[in-house]
Amino acid sequence: MQERLKELQQEAIQKIEQSSSLKELNDIRVAYLGKKGPITEVLRGMGKLSAEERPIMGALANEVREAIATTLEAKQKDLEEAAVLEKLASESIDVTLPGRPVKVGNHHPLTRIIEEIEDLFIGMGYQVAEGPEVEQDYYNFEALNLPKGHPARDMQDSFYITDEILLRTHTSPVQARTMEKNQGKGPIKIICPGKVYRRDNDDATHSHQFMQIEGLVVGENIRMSDLHGTLEIFAKKMFGEDREIRLRPSFFPFTEPSVEMDISCMICGGHGCNVCKKTGWIEILGAGMVHPNVLEMAGYDSKKYTGFAFGMGPERIAMLKYGVDDIRHFYTNDVRFLKQFSKHE
Amino acid sequence: MFVSYKWLQDYVDLSGVSASELAEKITKSGIEVEGVDVLNEGITGVVVGHVVERVQHPNADKLSKCQVDIGQGEPVQIICGAPNVAQGQKVAVATVGAVLPGNFKIKRAKLRGEESNGMICSLTELGVEAKVVPKEYSEGIFVFPQDAEVGTDAIALLNRNDEVLELGLTPNRADCLSMLGVAYEVGAILGREVKLPEIDVQPVNEKASDYITVKVEANEDNPLYAAKVIKNVKIGPAPLWMQTRLISAGIRPHNNVVDITNYILLEYGQPLHAFDYDRLGSKEILVRRAHDGEKFLTLDDVERTLTSDHLVITNGKEPVALAGVMGGANSEVTSDTTTVLLEAAYFTGGTVRKASKDHGLRSEASARFEKGVDPNRVRAAGERAAYLMARYAGGEVLEGASEVNTLTVEPAVVSITLEKINSVIGTNLTVQDVEAIFERLQFTVNVEENVITVTAPTRRGDIKIEEDLIEEVARLYGYDNIPKTLPIGSATPGKLSDYQEKRRIVRQYLEGAGLYQAVTYSLTSEEKAAQFALEKRDFIRLAMPMSEDRSILRLSIMPQLLEVLKYNSARQNDSLAVYETGAVFLANGNEVLPEEQEHLAGAVTGLWHSHSWQGEKKAVDFYVLKGILEGLFAKLGLTESVTYVQAKVDNMHPGRTAEIHLNGERIGFVGQVHPTMQKELDLKDTYVFELSLKAVLEEATTALRYEAIPRFPSITRDIALVVDKETVSGVLKDVIQSAGGKLLKEVSVFDLYEGDRMEEGKKSIAYSLKYMDPERTLTDEEVTKVHTQVLEALKTQAGAVLRG
Ligand SMILES: [Zn+2]
Numbered sequence: 017m018q019e020r021l022k023e024l025q026q027e028a029i030q031k032i033e034q035s036s037s038l039k040e041l042n043d044i045r046v047a048y049l050g051k052k053g054p055i056t057e058v059l060r061g062m063g064k065l066s067a068e069e070r071p072i073m074g075a076l077a078n079e080v081r082e083a084i085a086t087t088l089e090a091k092q093k094d095l096e097e098a099a100v101l102e103k104l105a106s107e108s109i110d111v112t113l114p115g116r117p118v119k120v121g122n123h124h125p126l127t128r129i130i131e132e133i134e135d136l137f138i139g140m141g142y143q144v145a146e147g148p149e150v151e152q153d154y155y156n157f158e159a160l161n162l163p164k165g166h167p168a169r170d171m172q173d174s175f176y177i178t179d180e181i182l183l184r185t186h187t188s189p190v191q192a193r194t195m196e197k198n199q200g201k202g203p204i205k206i207i208c209p210g211k212v213y214r215r216d217n218d219d220a221t222h223s224h225q226f227m228q229i230e231g232l233v234v235g236e237n238i239r240m241s242d243l244h245g246t247l248e249i250f251a252k253k254m255f256g257e258d259r260e261i262r263l264r265p266s267f268f269p270f271t272e273p274s275v276e277m278d279i280s281c282m283i284c285g286g287h288g289c290n291v292c293k294k295t296g297w298i299e300i301l302g303a304g305m306v307h308p309n310v311l312e313m314a315g316y317d318s319k320k321y322t323g324f325a326f327g328m329g330p331e332r333i334a335m336l337k338y339g340v341d342d343i344r345h346f347y348t349n350d351v352r353f354l355k356q357f358s359k360h361e
Numbered sequence: 044m045f046v047s048y049k050w051l052q053d054y055v056d057l058s059g060v061s062a063s064e065l066a067e068k069i070t071k072s073g074i075e076v077e078g079v080d081v082l083n084e085g086i087t088g089v090v091v092g093h094v095v096e097r098v099q100h101p102n103a104d105k106l107s108k109c110q111v112d113i114g115q116g117e118p119v120q121i122i123c124g125a126p127n128v129a130q131g132q133k134v135a136v137a138t139v140g141a142v143l144p145g146n147f148k149i150k151r152a153k154l155r156g157e158e159s160n161g162m163i164c165s166l167t168e169l170g171v172e173a174k175v176v177p178k179e180y181s182e183g184i185f186v187f188p189q190d191a192e193v194g195t196d197a198i199a200l201l202n203r204n205d206e207v208l209e210l211g212l213t214p215n216r217a218d219c220l221s222m223l224g225v226a227y228e229v230g231a232i233l234g235r236e237v238k239l240p241e242i243d244v245q246p247v248n249e250k251a252s253d254y255i256t257v258k259v260e261a262n263e264d265n266p267l268y269a270a271k272v273i274k275n276v277k278i279g280p281a282p283l284w285m286q287t288r289l290i291s292a293g294i295r296p297h298n299n300v301v302d303i304t305n306y307i308l309l310e311y312g313q314p315l316h317a318f319d320y321d322r323l324g325s326k327e328i329l330v331r332r333a334h335d336g337e338k339f340l341t342l343d344d345v346e347r348t349l350t351s352d353h354l355v356i357t358n359g360k361e362p363v364a365l366a367g368v369m370g371g372a373n374s375e376v377t378s379d380t381t382t383v384l385l386e387a388a389y390f391t392g393g394t395v396r397k398a399s400k401d402h403g404l405r406s407e408a409s410a411r412f413e414k415g416v417d418p419n420r421v422r423a424a425g426e427r428a429a430y431l432m433a434r435y436a437g438g439e440v441l442e443g444a445s446e447v448n449t450l451t452v453e454p455a456v457v458s459i460t461l462e463k464i465n466s467v468i469g470t471n472l473t474v475q476d477v478e479a480i481f482e483r484l485q486f487t488v489n490v491e492e493n494v495i496t497v498t499a500p501t502r503r504g505d506i507k508i509e510e511d512l513i514e515e516v517a518r519l520y521g522y523d524n525i526p527k528t529l530p531i532g533s534a535t536p537g538k539l540s541d542y543q544e545k546r547r548i549v550r551q552y553l554e555g556a557g558l559y560q561a562v563t564y565s566l567t568s569e570e571k572a573a574q575f576a577l578e579k580r581d582f583i584r585l586a587m588p589m590s591e592d593r594s595i596l597r598l599s600i601m602p603q604l605l606e607v608l609k610y611n612s613a614r615q616n617d618s619l620a621v622y623e624t625g626a627v628f629l630a631n632g633n634e635v636l637p638e639e640q641e642h643l644a645g646a647v648t649g650l651w652h653s654h655s656w657q658g659e660k661k662a663v664d665f666y667v668l669k670g671i672l673e674g675l676f677a678k679l680g681l682t683e684s685v686t687y688v689q690a691k692v693d694n695m696h697p698g699r700t701a702e703i704h705l706n707g708e709r710i711g712f713v714g715q716v717h718p719t720m721q722k723e724l725d726l727k728d729t730y731v732f733e734l735s736l737k738a739v740l741e742e743a744t745t746a747l748r749y750e751a752i753p754r755f756p757s758i759t760r761d762i763a764l765v766v767d768k769e770t771v772s773g774v775l776k777d778v779i780q781s782a783g784g785k786l787l788k789e790v791s792v793f794d795l796y797e798g799d800r801m802e803e804g805k806k807s808i809a810y811s812l813k814y815m816d817p818e819r820t821l822t823d824e825e826v827t828k829v830h831t832q833v834l835e836a837l838k839t840q841a842g843a844v845l846r847g
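Chains G and U, in that order, are what the protein sequence lines are. Be aware that the first sequence starts at 17, since it is given in the working numbering, and climbs by one per residue. Be aware that the second sequence starts at 44, since it is given in the working numbering, and climbs by one per residue.
Since the hints were made in silico from the structure, they are not lab data. Source: prediction; values computed, not measured. Please note that a few of the clues may not be correct.
[To be verified] Below, a list of computed lysine-lysine pairs in the DSS-like style, where the Cα atoms sit at most 27 Å apart: (1) G/359 x U/678; (2) U/71 x U/507; (3) U/463 x G/319; (4) G/355 x U/660; (5) U/678 x G/119; (6) G/355 x U/661; (7) G/293 x U/49; (8) U/527 x G/337; (9) U/806 x U/788; (10) G/293 x U/174; (11) G/252 x U/71; (12) U/68 x G/252; (13) U/538 x G/201; (14) G/320 x U/527; (15) U/785 x U/828; (16) U/669 x G/355; (17) U/691 x U/806; (18) U/538 x G/337; (19) U/178 x U/277; (20) G/294 x U/68; (21) U/397 x G/164; (22) U/507 x U/397; (23) U/545 x G/253; (24) U/538 x U/737; (25) U/545 x G/355; (26) U/838 x U/768; (27) U/507 x G/320; (28) G/197 x U/737; (29) U/609 x G/119; (30) U/538 x G/211; (31) G/119 x U/545.
Based on the provided sequences and hints, a complete structural model is requested.
The structure is reproduced here in structure tokens:
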């Protein structure tokens, strides 16, 4: 009997070790450890044994049972692991195939430039002021020291609707309106972005519609040095800390003194290239101290108040910053153009 | 204005300052130098040669075989193709080894079998612009005066060893439209003296007033008219130095008399006019307004019809010049002229501007009058011209001038305090600093206490007010030397308005949803202006459009956006999603500003989603756009305020379009573009929306409040309903919601079936209803009770029965 049990143990363990599937393993379990299995049978025959032998045989039978069960368990674990590995292997994919695209659009490059400038000046305490694109001659010209018949009106051939109403030629009327609204009181710190219109034929460098962004500061002791400092901060934040600025005297009817600002060329670093016409400098914006006539017309005492204003073209800035070579791209909206402006920089 | 560096040295010492350094200094102190042209750049080896013999080339009709003495021993043989080459001429010879503009190297060559050792040059071959080459040399080589010395540098003789500064002048600096004006400016910048040109007239013993009388009937337009007479002039070429200076300044030489008037125009900024005295037809000059319809033949041989807006110089009867603009053919100086009547006058800017604009005659002269000449320089310019005519045209200058002068010249006197200067610029200049600057400008300065009184010379008509003085001080002090500070005073909060901030949110949201931002034109054509308009208004039309396509302000963004889709579609991008925010313009009547309403428009065409290698493709449909809008309104907290109403909109699909209502007001539409229009534009199925962004963004923002997360489970009941085909989901949902009461938390559609397993005219629509009580767990019985009410309401109010 003892021998028979040992034999069974050996036989079962051998079968377990040879088995290759969970099903086979289960069959072995049923065959050896089941109620109708040989061990149960051996135990059933224990009645014939003496009272002394019985516990010894019982213990031995349990030992055999346990040994088989342990081996079974171990084998089952092995087989299960193998099955998982096999399944995983069959699930492998080509990780080099392209992913599912996430549909996402982006800002128009001009909006991108304008928001960047807005944020920069908001950080310096400015508010964003907007105004109508269809304007009165008064706000577009007269309130800006450009009376009817002024030769500088030649410089801005305009789209008139009636004798007194036109498409604004710059965003400066927003400044005139803001000053008028403030009824002769300061301080004012605004930035005015928007669309403007001029009677130009559309070509690589001209557009009958374009953007402008202007700034205005009016207060009781605003100095030209404040303009200088403000423009330097703007230029460095917008075009890079290593940019240098240069101010040149200029002429605008609504400012006196008037200024044009150049920045050192970002393409060649100031050594001279085609973009800067070999000068090392690139013209970026016009500015100046608000003309006393403009202040007075808007109800400010020009003895008490001074101010500065500046204005620039987002198209020009975008063209310089991104190397765009034709202004018409901004209004054609070719998606191959638009989608290039998604990247953060 | 083109300024010759060499010429400028007649008036101001430029030693130690190169042309490019000068350009930099001028630019930094106020006048932009747009370029410096090195006239002899890339030219070497050109000398004066003497054509000692010229014979016909044996093998070529149009070539000459010349023996040319170039001052290097024996004459060299040069083959020349110019028709005007002749024996005895002094010419410019590019010798073997010479280099001409464009890196053109001169080599020894054989031309039709004959040896050629160099090239006889035309002026254009030496880099002179064709339009300023004197007419007699325009078809051939240039010929020097006989006194030119053989073998010397021809480029130097032609004054091409010079640099020309191109000044970009702003309208306020018309004073620099003259060499003298530039000299004063440069003198101020460098702190150097200005030397005035020589005038040394030795009049003959006859009076100009005996030859001519002057009357002016229009004193306001012409406050000063001076006529000088120079007799016995011999018309011929001007001296070479004068011709070359004109050429460098961009003016073509003609003859000595005309060239002298042009030379003075450049030197003094004062336009002059020379009449042939003998052709005048009278001894009288009368300046008057033209008669309406009066005819006049200008010297360019064009007959002009004048109006009373135009000022004319007449001989008492008929016009002989259009004042300040152009002379007449009838009195033009010719090669036979012997007596010159020289006009030096002051015409006002407005008069000349009107005439030059009306007749399309913009000239160097009219430009100067338009911008204003120096009233104090008019007579001096006339005297200097007379002097030069005596010297270079052999003329005899008659004594004095016939003159009408009603001009009162008052130089501007402006006072300012030192404190004002420093407080506006932000500097700490002393009185001495400021005084020195004005002295450099040759302005008269008077200082009393801290008040600085400046008298500006009449050549600087732009100096009128305190701020003009501040600018002069600032620019000569140097803008770059101004300190860099930031405004001080009460701080202002920098921020966007609510409206502006929400507009940015809208943009970000739409871009996150996959739409690209477009920016299109506000001006459109009559055909497109009214398409898709939310409101019908009168067109706002430009008075003078540049084209019919851009003549009317848009009433809707949509046509422009569809244009964008069409453009891209035609370039292999037929699946595309774009949006735009911008104003549309609603007329309010003729003399008032229109209402500018900011709109938002979106358009999606072709595939909305595709994943190529996985074979997934999903074309855009109505619900894609509606989903985008629902997300947008959710973001803005307007979900409850917005409804969609089936509607018909022009140019939109009649069955696939909804109006968007905000609090019951129509603010826009969403749907499919009408298939006919899609076809016209060559677009795939295209869905669009446009709405008043203004209306949306002006809705008050509601505060965000946290809502407790439910602690008790919900119970979901699904129902499939059979309803008439026309019954819309929105109605069923309303019925379910009102019958479901407080316990019904959510209703969602999960199936729609309209197939042939349904009875004719019916469809099946399935909803999932979620019941919940935040305070406790609901029992099945409680839910059943409410759910039964819902089913009952559906049946009675919407004729909906449960699908069997
Ligand atoms: Zn550069």
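Structure-based check of all given hints:
1. With a C-alpha separation of about 25 Å, the suggested pairing of residue 359 of chain G with residue 678 of chain U holds against the 27 Å cut-off.
2. Under the criterion of a C-alpha separation no larger than 27 Å, the hint pairing residue 71 of chain U with residue 507 of chain U is consistent with the structure, at around 23 Å.
3. A distance of roughly 9 Å separates the Cα atoms of residue 463 of chain U and residue 319 of chain G; the hinted pair therefore holds under the 27 Å criterion.
4. In summary, the hint linking residue 355 of chain G to residue 660 of chain U is supported, as the alpha carbons are separated by about 21 Å, within the 27 Å threshold.
5. As the CA atoms of residue 678 of chain U and residue 119 of chain G are separated by approximately 19 Å, the hinted pair is consistent with the 27 Å bound.
6. Restraint check for residue 355 of chain G and residue 661 of chain U: satisfied, since their Cα atoms lie roughly 21 Å apart, inside the 27 Å limit.
7. With a C-alpha separation of about 24 Å, the suggested pairing of residue 293 of chain G with residue 49 of chain U holds against the 27 Å cut-off.
8. With a C-alpha separation of about 25 Å, the suggested pair residue 527 of chain U and residue 337 of chain G falls inside the 27 Å cut-off, and the hint holds.
9. Between the alpha carbons of residue 806 of chain U and residue 788 of chain U the distance comes to roughly 26 Å, so the proposed pair stays at or under 27 Å and holds.
10. Distance restraint check for residue 293 of chain G and residue 174 of chain U: the Cα-Cα separation of roughly 25 Å lies within the 27 Å cut-off, and the hinted pair is therefore satisfied.
11. Among the hinted pairs, residue 252 of chain G with residue 71 of chain U is consistent with the structure: their alpha-carbon atoms are about 21 Å apart, no more than 27 Å.
12. Proximity of residue 68 of chain U to residue 252 of chain G is assessed by CA-CA distance (about 25 Å); at most 27 Å being required, the pair is judged to hold.
13. For a cut-off of 27 Å, the pair hint linking residue 538 of chain U to residue 201 of chain G stands: about 20 Å separates their Cα positions.
14. In summary, the hint linking residue 320 of chain G to residue 527 of chain U is supported, as the alpha carbons are separated by about 22 Å, within the 27 Å threshold.
15. Proposed proximity of residue 785 of chain U and residue 828 of chain U is supported: the alpha carbons are some 13 Å apart, at most 27 Å.
16. Of the pairs offered as hints, the one joining residue 669 of chain U and residue 355 of chain G holds, with about 24 Å between alpha carbons and a cut-off of 27 Å not exceeded.
17. Pair hint residue 691 of chain U plus residue 806 of chain U holds up; C-alpha atoms about 23 Å apart against a cutoff of 27 Å.
18. As the CA atoms of residue 538 of chain U and residue 337 of chain G are separated by approximately 26 Å, the hinted pair is consistent with the 27 Å bound.
19. Taking the CA atoms of residue 178 of chain U and residue 277 of chain U, the gap is about 19 Å. The hint holds against a cut of 27 Å.
20. Annotation: proposed proximity of residue 294 of chain G to residue 68 of chain U holds, straight-line Cα distance about 17 Å (limit 27 Å).
21. Only pairs whose Cα atoms come within 27 Å are accepted, and residue 397 of chain U paired with residue 164 of chain G is accepted, the gap being roughly 14 Å.
22. For the proposed pair residue 507 of chain U and residue 397 of chain U, the alpha carbon gap of about 25 Å is at most 27 Å, so the pair holds.
23. Taken as a hint, the residue 545 of chain U and residue 253 of chain G pair is honoured in the structure, with Cα atoms around 25 Å apart against an allowance of 27 Å.
24. As the CA atoms of residue 538 of chain U and residue 737 of chain U are separated by approximately 19 Å, the hinted pair is consistent with the 27 Å bound.
25. A threshold of 27 Å between alpha carbons decides the hint, and for residue 545 of chain U with residue 355 of chain G the separation of about 23 Å falls inside it, so the pair holds.
26. Annotation: proposed proximity of residue 838 of chain U to residue 768 of chain U holds, straight-line Cα distance about 15 Å (limit 27 Å).
27. About 20 Å separates the Cα atoms of residue 507 of chain U and residue 320 of chain G, which keeps this hinted pair within 27 Å; it holds.
28. A threshold of 27 Å between alpha carbons decides the hint, and for residue 197 of chain G with residue 737 of chain U the separation of about 22 Å falls inside it, so the pair holds.
29. Pair hint residue 609 of chain U plus residue 119 of chain G holds up; C-alpha atoms about 21 Å apart against a cutoff of 27 Å.
30. In summary, the hint linking residue 538 of chain U to residue 211 of chain G is supported, as the alpha carbons are separated by about 21 Å, within the 27 Å threshold.
31. For the proposed pair residue 119 of chain G and residue 545 of chain U, the alpha carbon gap of about 22 Å is at most 27 Å, so the pair holds.
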